[in-house]
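Student: Numbering-wise (the UniProt record's numbering), the sequence shown opens with residue 1 and increments by one.
Hints were generated in silico from the structure; no laboratory data involved. As the structure is a prediction and not an experimental result, all values here were calculated from the model. Certain hints may be false.
Result set (DSSO-like, lysine-lysine): computed pairs, CA atoms no more than 27 Å apart in a straight line [unchecked claim]:
| id | residue 1 | residue 2 |
| --- | --- | --- |
| 1 | K143 | K66 |
| 2 | K110 | K128 |
| 3 | K153 | K143 |
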Amino acid sequence: MQNILDLIFPPRCVFCENYGSLVCESCLKSCRYLRKSFSLTSNQAVHPLQVFSYFVYETKIRDCIKYSKYSKKQFAVLREVSKYAISDMLAKKILFPNAYVIPIPLSNQKKKSRGFNQAEIIASVLAKGYGFSLQNSILTRQKDTLSQHRLNKEARLENMKGAFAVPSVVKGHKFILVDDICTTGATLIESANAFYAAGALEVVAFTLSRRL
Numbered sequence: 001m002q003n004i005l006d007l008i009f010p011p012r013c014v015f016c017e018n019y020g021s022l023v024c025e026s027c028l029k030s031c032r033y034l035r036k037s038f039s040l041t042s043n044q045a046v047h048p049l050q051v052f053s054y055f056v057y058e059t060k061i062r063d064c065i066k067y068s069k070y071s072k073k074q075f076a077v078l079r080e081v082s083k084y085a086i087s088d089m090l091a092k093k094i095l096f097p098n099a100y101v102i103p104i105p106l107s108n109q110k111k112k113s114r115g116f117n118q119a120e121i122i123a124s125v126l127a128k129g130y131g132f133s134l135q136n137s138i139l140t141r142q143k144d145t146l147s148q149h150r151l152n153k154e155a156r157l158e159n160m161k162g163a164f165a166v167p168s169v170v171k172g173h174k175f176i177l178v179d180d181i182c183t184t185g186a187t188l189i190e191s192a193n194a195f196y197a198a199g200a201l202e203v204v205a206f207t208l209s210r211r212l
């Protein structure tokens, strides 16, 4: 059915409007890449957290992530961009430890208003590509936090403190945290802390983009 619809109404790139796909390869290749890992540390981090980010958060990628939170069409675009990134990482043999994939959960208020979590979209693509198990319910929010948008690094760390809970079943296992963007890393650090407090063996992270 989808193939028939594509013949009648061929998809157009949301950026350049050329026919063929929701996001064309030419536009994706024009984006700035990171394709590297870095270490997140802070006074509140139990262990340094290794994070791999694929894109720089700017221009087309910024628009894709920003609008995916408010539009079903952009929701589909985010999935296509994620597939492109994961396929390229696999081709370049960028590997992760064999681990459970964990999307960063939204606050209850945001999940209710949007109806979906964009981190789950990215996490599902990563898990499928690498053949890992996706776990959407292990990491939970135990409090709603203020919006991080206008907070500095110190305020973000304090805002996220104690925000997440993890059950003891994680003890002795490895995990990959997944989110759409890394800015200061406060959310990822606090999530990793919750896993280590519950006995996790190793925690790393993947974000589709990083704000520089």
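Student: Are the hints correct? Go through all of them and say.
Tutor: Evaluated hints:
no.	hint	result
1	K143 with K66	24 Å, holds
2	K110 with K128	26 Å, holds
3	K153 with K143	19 Å, holds
Every hint from the earlier list agrees with this structure, and none is contradicted.
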